[in-house]
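Q: Here's the letter readout for the chains.
6 protein chains.
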Amino acid sequence: MTLDRRAKALAVLEQLDPDAPARVAANLDALSDDFLEIVLGFSFADVVSRPGIDLRTREMLTVAALMAMGTAPEQLEFHILAALHTGVTREEIIEILLQIAVYAGVPACMNGISAAKKAFAAQAV
Amino acid sequence: MTLDRRAKALAVLEQLDPDAPARVAANLDALSDDFLEIVLGFSFADVVSRPGIDLRTREMLTVAALMAMGTAPEQLEFHILAALHTGVTREEIIEILLQIAVYAGVPACMNGISAAKKAFAAQAV
Amino acid sequence: MTLDRRAKALAVLEQLDPDAPARVAANLDALSDDFLEIVLGFSFADVVSRPGIDLRTREMLTVAALMAMGTAPEQLEFHILAALHTGVTREEIIEILLQIAVYAGVPACMNGISAAKKAFAAQAV
Amino acid sequence: MTLDRRAKALAVLEQLDPDAPARVAANLDALSDDFLEIVLGFSFADVVSRPGIDLRTREMLTVAALMAMGTAPEQLEFHILAALHTGVTREEIIEILLQIAVYAGVPACMNGISAAKKAFAAQAV
Amino acid sequence: MTLDRRAKALAVLEQLDPDAPARVAANLDALSDDFLEIVLGFSFADVVSRPGIDLRTREMLTVAALMAMGTAPEQLEFHILAALHTGVTREEIIEILLQIAVYAGVPACMNGISAAKKAFAAQAV
Amino acid sequence: MTLDRRAKALAVLEQLDPDAPARVAANLDALSDDFLEIVLGFSFADVVSRPGIDLRTREMLTVAALMAMGTAPEQLEFHILAALHTGVTREEIIEILLQIAVYAGVPACMNGISAAKKAFAAQAV
Numbered sequence: 001m002t003l004d005r006r007a008k009a010l011a012v013l014e015q016l017d018p019d020a021p022a023r024v025a026a027n028l029d030a031l032s033d034d035f036l037e038i039v040l041g042f043s044f045a046d047v048v049s050r051p052g053i054d055l056r057t058r059e060m061l062t063v064a065a066l067m068a069m070g071t072a073p074e075q076l077e078f079h080i081l082a083a084l085h086t087g088v089t090r091e092e093i094i095e096i097l098l099q100i101a102v103y104a105g106v107p108a109c110m111n112g113i114s115a116a117k118k119a120f121a122a123q124a125v
Numbered sequence: 001m002t003l004d005r006r007a008k009a010l011a012v013l014e015q016l017d018p019d020a021p022a023r024v025a026a027n028l029d030a031l032s033d034d035f036l037e038i039v040l041g042f043s044f045a046d047v048v049s050r051p052g053i054d055l056r057t058r059e060m061l062t063v064a065a066l067m068a069m070g071t072a073p074e075q076l077e078f079h080i081l082a083a084l085h086t087g088v089t090r091e092e093i094i095e096i097l098l099q100i101a102v103y104a105g106v107p108a109c110m111n112g113i114s115a116a117k118k119a120f121a122a123q124a125v
Numbered sequence: 001m002t003l004d005r006r007a008k009a010l011a012v013l014e015q016l017d018p019d020a021p022a023r024v025a026a027n028l029d030a031l032s033d034d035f036l037e038i039v040l041g042f043s044f045a046d047v048v049s050r051p052g053i054d055l056r057t058r059e060m061l062t063v064a065a066l067m068a069m070g071t072a073p074e075q076l077e078f079h080i081l082a083a084l085h086t087g088v089t090r091e092e093i094i095e096i097l098l099q100i101a102v103y104a105g106v107p108a109c110m111n112g113i114s115a116a117k118k119a120f121a122a123q124a125v
Numbered sequence: 001m002t003l004d005r006r007a008k009a010l011a012v013l014e015q016l017d018p019d020a021p022a023r024v025a026a027n028l029d030a031l032s033d034d035f036l037e038i039v040l041g042f043s044f045a046d047v048v049s050r051p052g053i054d055l056r057t058r059e060m061l062t063v064a065a066l067m068a069m070g071t072a073p074e075q076l077e078f079h080i081l082a083a084l085h086t087g088v089t090r091e092e093i094i095e096i097l098l099q100i101a102v103y104a105g106v107p108a109c110m111n112g113i114s115a116a117k118k119a120f121a122a123q124a125v
Numbered sequence: 001m002t003l004d005r006r007a008k009a010l011a012v013l014e015q016l017d018p019d020a021p022a023r024v025a026a027n028l029d030a031l032s033d034d035f036l037e038i039v040l041g042f043s044f045a046d047v048v049s050r051p052g053i054d055l056r057t058r059e060m061l062t063v064a065a066l067m068a069m070g071t072a073p074e075q076l077e078f079h080i081l082a083a084l085h086t087g088v089t090r091e092e093i094i095e096i097l098l099q100i101a102v103y104a105g106v107p108a109c110m111n112g113i114s115a116a117k118k119a120f121a122a123q124a125v
Numbered sequence: 001m002t003l004d005r006r007a008k009a010l011a012v013l014e015q016l017d018p019d020a021p022a023r024v025a026a027n028l029d030a031l032s033d034d035f036l037e038i039v040l041g042f043s044f045a046d047v048v049s050r051p052g053i054d055l056r057t058r059e060m061l062t063v064a065a066l067m068a069m070g071t072a073p074e075q076l077e078f079h080i081l082a083a084l085h086t087g088v089t090r091e092e093i094i095e096i097l098l099q100i101a102v103y104a105g106v107p108a109c110m111n112g113i114s115a116a117k118k119a120f121a122a123q124a125v
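Residue numbers (full-length UniProt numbering), protein chains in the order written: chain R, 1 to 125; chain G, 1 to 125; chain Y, 1 to 125; chain U, 1 to 125; chain C, 1 to 125; chain X, 1 to 125.
One should not assume that every hint holds.
To be verified - Distance condition first, Cα-Cα at most 16 angstroms in a straight line; then the derived EDC-like pairs of lysine to aspartate or glutamate: (1) C:Lys8 with C:Asp34; (2) R:Lys8 with R:Glu37; (3) U:Lys117 with U:Glu92; (4) R:Lys8 with R:Asp33; (5) G:Lys8 with G:Asp33; (6) C:Lys117 with X:Asp33; (7) Y:Lys117 with U:Glu77; (8) X:Lys117 with X:Glu91; (9) R:Lys8 with R:Asp34; (10) C:Lys117 with X:Asp29; (11) C:Lys118 with C:Glu74; (12) R:Lys117 with C:Asp29; (13) X:Lys117 with R:Asp33; (14) X:Lys118 with X:Glu74; (15) U:Lys117 with U:Glu77; (16) R:Lys117 with C:Asp33; (17) U:Lys117 with G:Asp29; (18) U:Lys8 with U:Asp33; (19) Y:Lys117 with U:Asp33; (20) X:Lys117 with R:Asp29; (21) Y:Lys117 with Y:Glu92; (22) R:Lys118 with R:Asp54; (23) Y:Lys117 with Y:Asp54; (24) G:Lys117 with G:Glu92; (25) C:Lys117 with C:Glu74; (26) U:Lys117 with G:Asp33; (27) G:Lys117 with Y:Asp17; (28) G:Lys117 with Y:Asp29; (29) C:Lys117 with C:Glu92; (30) C:Lys117 with C:Asp54.
Derived by calculation from the structure, the hints in this document are not laboratory data.
Bound conformation, chain R alone (with noise of 0.2 angstroms):
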């Protein structure tokens, strides 16, 4: 059942960013492999693969709740490239920003920006 867990949260996790799974595993396990099936295993297995929203919007909810919180650009930057993969455009991506400078304000919205064009050269390469 453990197991079952832990390859469920990769399985939503190679869905993001098919390079993610070992990534994030070597990662995390370095530490503890309880992040991956604890902390993961409730942000994927449980919540993220449930079908009442699809993964493409969640991935928009996630990138707006991580811009307007403003405390990890790395993870911004992580799902906007997700966003991508799961079939959100970069015009989508803009409107997002926008949207934010209105409810989380102006340097917000530039962090947000500084996220987005790392995405975008990624996503380029």
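Chain R is fixed; fit chains G, Y, U, C and X onto it per the hints.
A: Frame of chain R, contents of chains G, Y, U, C and X only:
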């Protein structure tokens, strides 16, 4: 032109809540009518009315951002109700609450549950 | 298994406040019983019940985190009371308030004082 | 010396609101008189009373910071009123509200409008 | 009209940093020229250029808000330098840092010290 | 007396990291020696040195608060290392990371993991 901007902002606000324009205008104009012209003009006339993302999805993004920030409980309640008005379902609000538990923590989700209950009750009237 | 997870979460919650399980379950289940299963399952069954740090110290950490964040005053009051239930003294709560004044600022400390006063009064009943 | 520090803090507080010293001292001393000595001593005796920026401008800065943070609505209301007491005009408070809409987002501005309305009403009494 | 709004925004930006308009326009236009028109139009043409508070004091308020928020270190550095350009002294920046230690905590002050050191070094060039 | 306050603050800082006093004093004094006297005096001489909670537990609280806030990654790394210096184990840091995933969200936990890895590596040297 200024009247157009004010009128356009209030027209978008009316789509979010048919009762809001009169109430919000009275609230803001009591302090300075620049708020409606400049701040709601920026919010609604310049950004939220843009066609790049439909209004229903924009409200989902706003709900996610406000839940994650945790600093505007009344506006969160307003935008959950506005989301319902634009076609978001209660089931989708529940999914956003779970998504926010992952990305902003369980207390942010619990605050969101309180706001959602109030919005659901207001909708039922 | 699902029942076990729910039951385990409620058993930890009962250690924090004997009256909480019935109240919290009713509050969450009214919206969706997934919250108790998924969100409190993660919080209490997966994390807070772990033996690596005792429950008393965990509550001190939670109180410090919620005071610093400043976005969940009701949950802060709940966890100050829970901290008292698990053996934290009022003197220690006062020390946490001073520590938070340093690391999150005087307004965070003042908000914490309001929550502490309510929790102390609730304990006295 | 300790008495001097306490007295100096209360003297600055009195400049912000003539009624505050008795109320604040009673509120804090009920929990521990270390708060007034250490926390308000730091705030008012060590920092706010410094001559490098006049008290009127300091209150404008404090209002901007508290509006941007969004986690201390009661203290924001107190400092808007204190700003008015030190000579800041209502027109300047409105300008700060607009500036905060830019740098912290429209919801922060809206929360600030609520606090400003309460402070303006309290001043009018 | 659109050109006027863009030009007006860039003219205010030039007062904050003579080198900024070309750099900022290139940075934003690479993604979408709507950012300059809508977001900087709102920021600078609609708000920061208003006469109700002079530009020097506005920059002090922006520095205080950004230090308190703690989520935009690059923009904090930019606005500390802009504050110096508009006549704010280094001594006043130090006073704002102390004021922010009180209202947003010592880590916010320490982050602000890092930004101030970079801005002071950039000014010295 | 002023010298005593400065000396006392640096003595507490030395308990957190034997190399810190010289480095921190040089960093702060370069801007103004008021920071060490006033800000670190408040932090360490007035608060952290109080006997009501032992230094080891205080560092756990500070780590929890900084992880939850998410705005001071360098200070978080410093305090994780300081926690290890005062006797907190790596296993306890991992428990705090899990606790913070619950109360501040998974991105706050992930940022904390990055800081913990750097602190663990610095300790190993």
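Q: Compare the structure with each hint and give your call.
A: Verification of the hints:
| no. | hint | verdict |
| --- | --- | --- |
| 1 | C:Lys8 with C:Asp34 | holds, 15 angstroms |
| 2 | R:Lys8 with R:Glu37 | holds, 10 angstroms |
| 3 | U:Lys117 with U:Glu92 | holds, 14 angstroms |
| 4 | R:Lys8 with R:Asp33 | holds, 15 angstroms |
| 5 | G:Lys8 with G:Asp33 | holds, 15 angstroms |
| 6 | C:Lys117 with X:Asp33 | holds, 14 angstroms |
| 7 | Y:Lys117 with U:Glu77 | violated, 21 angstroms |
| 8 | X:Lys117 with X:Glu91 | holds, 13 angstroms |
| 9 | R:Lys8 with R:Asp34 | holds, 15 angstroms |
| 10 | C:Lys117 with X:Asp29 | holds, 12 angstroms |
| 11 | C:Lys118 with C:Glu74 | holds, 10 angstroms |
| 12 | R:Lys117 with C:Asp29 | holds, 12 angstroms |
| 13 | X:Lys117 with R:Asp33 | holds, 14 angstroms |
| 14 | X:Lys118 with X:Glu74 | holds, 10 angstroms |
| 15 | U:Lys117 with U:Glu77 | holds, 9 angstroms |
| 16 | R:Lys117 with C:Asp33 | holds, 14 angstroms |
| 17 | U:Lys117 with G:Asp29 | holds, 12 angstroms |
| 18 | U:Lys8 with U:Asp33 | holds, 15 angstroms |
| 19 | Y:Lys117 with U:Asp33 | holds, 14 angstroms |
| 20 | X:Lys117 with R:Asp29 | holds, 12 angstroms |
| 21 | Y:Lys117 with Y:Glu92 | holds, 14 angstroms |
| 22 | R:Lys118 with R:Asp54 | violated, 25 angstroms |
| 23 | Y:Lys117 with Y:Asp54 | violated, 25 angstroms |
| 24 | G:Lys117 with G:Glu92 | holds, 14 angstroms |
| 25 | C:Lys117 with C:Glu74 | holds, 12 angstroms |
| 26 | U:Lys117 with G:Asp33 | holds, 14 angstroms |
| 27 | G:Lys117 with Y:Asp17 | violated, 23 angstroms |
| 28 | G:Lys117 with Y:Asp29 | holds, 12 angstroms |
| 29 | C:Lys117 with C:Glu92 | holds, 14 angstroms |
| 30 | C:Lys117 with C:Asp54 | violated, 25 angstroms |
The structure fails to meet hints 7, 22, 23, 27 and 30 from the earlier list, while all remaining hints are met.
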